[in-house]
Structure formats: structure tokens, C-alpha cells
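Trainee: Below are the chains, spelled out letter by letter.
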Amino acid sequence: MFSFVVKRLGFIKNIPLTALIFDSGIKLWLSVFEPKKLIWLDSLEEKVVSWEGVSISLHKFGGTQFNFNKKEIGHVHSNGILDVLFDQETKKHLMGKGEAEEHHVFKRSGWISFYIKSDTDVELALALLKKSYLRIAQKVI
Amino acid sequence: MFDLENNLNAMNTSSKSNKLLGFIVSNLLVLVIIGVNRLLHVEKNGVMVYSQFVILPILIGIISAWFWRDLHLKTKTIIGYSLINSLLAIALSYIFLGEGVICLIIVSPLILVFVITGAFIGKMMFRKKNQTINVSIVSLLLMVFVVDSISDHQYENMVSDEIVINAPPSKIWKNVVAFDKIKQPNKYWLFKIGMPSPMQTTVTGYKYGAGRKCIFSNGYTFDEKIVAFDVNKNLTFDIVGQPQDPEIMGHIDINRGQFLLKDNGNGTTTLIGNSWYNLRVFPIWYYDVWAESITRNVHLRVMDHIKKLSEQ
Chain A
-12 MFSFVVKRLG FIKNIPLTAL IFDSGIKLWL SVFEPKKLIW LDSLEEKVVS
38 WEGVSISLHK FGGTQFNFNK KEIGHVHSNG ILDVLFDQET KKHLMGKGEA
88 EEHHVFKRSG WISFYIKSDT DVELALALLK KSYLRIAQKV I
Chain B
-15 MFDLENNLNA MNTSSKSNKL LGFIVSNLLV LVIIGVNRLL HVEKNGVMVY
35 SQFVILPILI GIISAWFWRD LHLKTKTIIG YSLINSLLAI ALSYIFLGEG
85 VICLIIVSPL ILVFVITGAF IGKMMFRKKN QTINVSIVSL LLMVFVVDSI
135 SDHQYENMVS DEIVINAPPS KIWKNVVAFD KIKQPNKYWL FKIGMPSPMQ
185 TTVTGYKYGA GRKCIFSNGY TFDEKIVAFD VNKNLTFDIV GQPQDPEIMG
235 HIDINRGQFL LKDNGNGTTT LIGNSWYNLR VFPIWYYDVW AESITRNVHL
285 RVMDHIKKLS EQ
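Line by line, the protein sequences are chains A and B.
With our numbering, letter number 3 in the first sequence gets -10, and the count goes up by one each step, no holes.
With our numbering, letter number 274 in the second sequence gets 258, and the count goes up by one each step, no holes.
Quick caveat, the hints were computed from the structure, so don't treat them as lab data.
All of these numbers come straight from a predicted model, not from anything done at the bench.
Misleading hints may appear alongside valid ones.
Pairs of lysine to aspartate or glutamate residues, derived as EDC-like cross-links and limited to a Cα-Cα distance of at most 20 Å, are as follows [unchecked claim]:
no.	chain 1	residue 1	chain 2	residue 2
1	A	104	A	86
2	B	58	A	86
3	B	60	A	86
4	B	60	A	106
5	B	158	B	146
6	B	60	A	21
7	B	58	A	29
8	B	58	A	106
9	A	34	B	54
10	B	60	A	29
11	B	58	A	110
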């Protein structure tokens, strides 16, 4: 469903609020059919926000965006897809180790996607975000 | 030790009151906005604009999030509280705005999703502690609400359905013009839960200009006037009087109805039912789906009955 909307109905993200409304629908769906995923995403958010200088905002295409010094570390959609931007070399390395997959839409970019499907995936997602956080923090500082 | 206990008690009381205020203030404020809107006669001919169903629920969510900002609520809790908020908004609409139960059932998914969206927008807004942005967002939403309320809203649509009847047009025609009570049980779920369904049609004469009445299950009657009477081919009637009830009939104006009969040349006839209506409730992308579904089921109930009578 998410994949269909993103790929085939991607134009609707340009209508103000639509992506956020779609994301709310996903949250509502999960709260009934997969409430554990909401708990995992809350736990991810709580841990990332505890890192120094990290703030969160709503991602323009729905979900939670993690920022450091106004730069995006990564974002997680409410269905559990974590998207993080790396350079091509890091992306290749992570994909080679099976720690990430190609971005669910922008396959040729440095963006990677990671699917949070279990409790243990939260730790792996945290590791990816930490890598991006340290990379951005090094550049800024 | 006692100080710590007292502080904890005070925090608990404050949390509880903030939680409650999130429900009460947000709903009351929105009720006041709608009340003022109605007092100033901003709504034209009872038109309910999209911002009432989009902006105001989002505002309920944002205002609630402001009261809940220090409670560190989990996502599931925010959704649960938003559900309570939506139920409160729906109950208040029933009590103070006179909306019908079926109408509120139709609107409830829309309200819930927008209240949730508002609650999460609010959660992020109040984390940033940037009051300028927060005031700007709320002001922008209110501005959209005002502009939308005073703008003209017009929407007309036509729904068409057809069925094949195993009878010639000459046998069907009299049943199209008028028919006795429909005795078949309702199949459409909205009719089953109480939405008025068509029951009977009467005419003052089988001619152009005659009066026609379409009587619904709750006794409401649509007064119609025949404006095209082409025997065995075309019956068109304008709706000259429509009941206004708090259910869906209060938000839709049926303008014209039509039955077209096409002889298929093999002893069967294609019966086409057309209805033209104006919607007085917005956004169209949501309500027209319902309006089309309801109109289609009115058509099919009547046309199935005509088929049954004609094939006897």
C-alpha cells in the first residue's frame, strides 16, 4: 500500500498536508493491527533525540525527521522505513554487508532504506542513524 | 521526603488537569468558532465548507498537543486521546449543531484522521519551543478557515445507472412513472442502519406537467414535477420540494431525476436512471464518494423494484 502510494500517487505529496494525513492514516492502522511497531518507533525517536544537538521535525513526505544543526540525519516513516543519506561509497559498503537496502524510491542516490520489522531492528536502525549523525557532526564541527 | 512526595502529587494533579484541558479547551474553542461562524451567517445556505472538516479538526489536535506537550505521550496514547477528542467533537456536533447520526458516521473517519494529524503537528511544533512559528501556523490555519468560509462553493454532479429488464418498454413505462410500495428488504448498509430509502412513487397524472411524489421510508416526501413525458422513452422530473432533515438530505440538493428506456429489440429494455444533485458539504473528494454511493443505491433500489414489477 505504502509502496503503491509513493510510486504511483507520488504527486499528491505536493498538496499541502497530504503526506502528513497519509502518515496519520498509517499510524492509525498500526495502532490497531501492529501496535508494537509504534512502540519500536517511539523507542528509536526517544534514543536519537537524547543525542546532543539532535532535534526532530515532521518529514515533508510524512514521518519523523531527525536533524543536527538544521541538517537532516535521516527520517523514519510511520510504517517503519528508515531513510538515511550517505555518500555512494558508504551506501555500497552498508548494502554489501546487508545492513541497508536501496532507497525505496531514489535508487541511484546515496539514500538507503532500512526496514524496521522487529525489536532488534531498532538497534540496527540506531547504528545507521549514529553513523549519519557522526558524519554530519564532524562536518559541522 | 515529604517535599518530594508533595511535588510528585502536584505534578500528577497538573498532568491530569492538562490532559483534561487538552480535551475540553480544544473542543470548546472549535465549537465557539463554528458558533460565531453561524451567528455571522458566513455559511451560505447551510453549506459546510472543507475547512470545517479539515482545518478545525487539525486545530483540535494542535490545541490538545499544546496542553499535552509536557506529558511525553507515546504515539499509541496520542492516537487513543485523539480518538476520544474525535468522539467528543462528534458528540458536540450532534448536541449543538444538530447533525444526524448517519451523517456523523460518514464524517467520523475524516475527523479522526485530521485530529490525529493535528496532534502530531502540534507535538512537533511545541517541541521546537519556537512560539513565532507556532503562532504563524495557527494563524495560517485560521486564515484559511476564514477565507474558505466566505468563499463560494458550488458543486454539481450527475450519477447514472442502468439495468436490463426482460420486458418491452411498453410494459415497463407505467412502473417507471409510478409504483406501489417497495417490499424488498434493504441491501445497502446505510439504509439498513436507518438512512431513509425510497419506498413509493405517486403521480397526479400520466402526462407532462403532472406532479409526482417520491416517498421515503421515514415518511419524507420529495415533490417532483414531470418536465419530459415521452411515452416508453423518457421520463424527466424536476425536484420542486425536498425535505430537510439532519441526515444526508440536509447536505445534498437533488435537482432532477430521469428514466430513459432503450428498446434492445430482443424483448428486453435497458433502463437508465440519472440524477443530478448539488452538494452542500465539502471537501468534494470525500463527500462525493458517499453522495455517489447513496444516489446509486437509491437508483438501484427503485430500478430493481421496477424490474421486478415489469417482469411479473
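Trainee: What's the verdict on residue 158/B and residue 146/B, does the C-alpha distance respect the 20 Å limit or exceed it?
Mentor: 18 Å, holds
Trainee: Would you check the hint for residue 34/A and residue 54/B, treating anything up to 20 Å between C-alpha atoms as holding?
Mentor: 18 Å, holds
Trainee: So if I understand the rule, the pair passes when the alpha-carbon distance is 20 Å or less; does residue 60/B with residue 86/A pass?
Mentor: 28 Å, violated
Trainee: Is the hinted pair residue 60/B and residue 106/A satisfied, with a Cα-Cα distance of at most 20 Å?
Mentor: Holds, at roughly 17 Å.
Trainee: Measure nothing beyond the straight line between the CA atoms of residue 58/B and residue 110/A; if it is 20 Å or shorter, mark the hint as holding.
Mentor: With a Cα-Cα distance of about 19 Å, the restraint between residue 58/B and residue 110/A holds, given a limit of 20 Å.
Trainee: Does the structure keep residue 60/B and residue 29/A at a Cα separation of 20 Å or less?
Mentor: 9 Å, holds
Trainee: If you draw a straight line from the CA of residue 104/A to the CA of residue 86/A, is it 20 Å or shorter?
Mentor: Since the Cα atoms of residue 104/A and residue 86/A sit roughly 13 Å apart, the hinted pair holds (cutoff 20 Å).
Trainee: For residue 58/B and residue 106/A, compute the direct alpha-carbon distance and say whether it is at most 20 Å.
Mentor: 16 Å, holds
Trainee: Please verify whether residue 60/B and residue 21/A have alpha carbons no more than 20 Å apart.
Mentor: Roughly 11 Å between the alpha carbons, so the hint for residue 60/B and residue 21/A holds.
Trainee: Hint check: residue 58/B vs residue 86/A, CA-CA at most 20 Å. Holds or violated?
Mentor: Measuring from Cα to Cα gives roughly 28 Å; hence the hint is violated.
Trainee: Between residue 58/B and residue 29/A, does the CA-CA distance stay at or below 20 Å?
Mentor: Given that 20 Å is the threshold and the Cα spacing comes to 7 Å, the pair holds.
Taken one by one, the earlier hints fail for this structure at numbers 2, 3, listed in ascending order.
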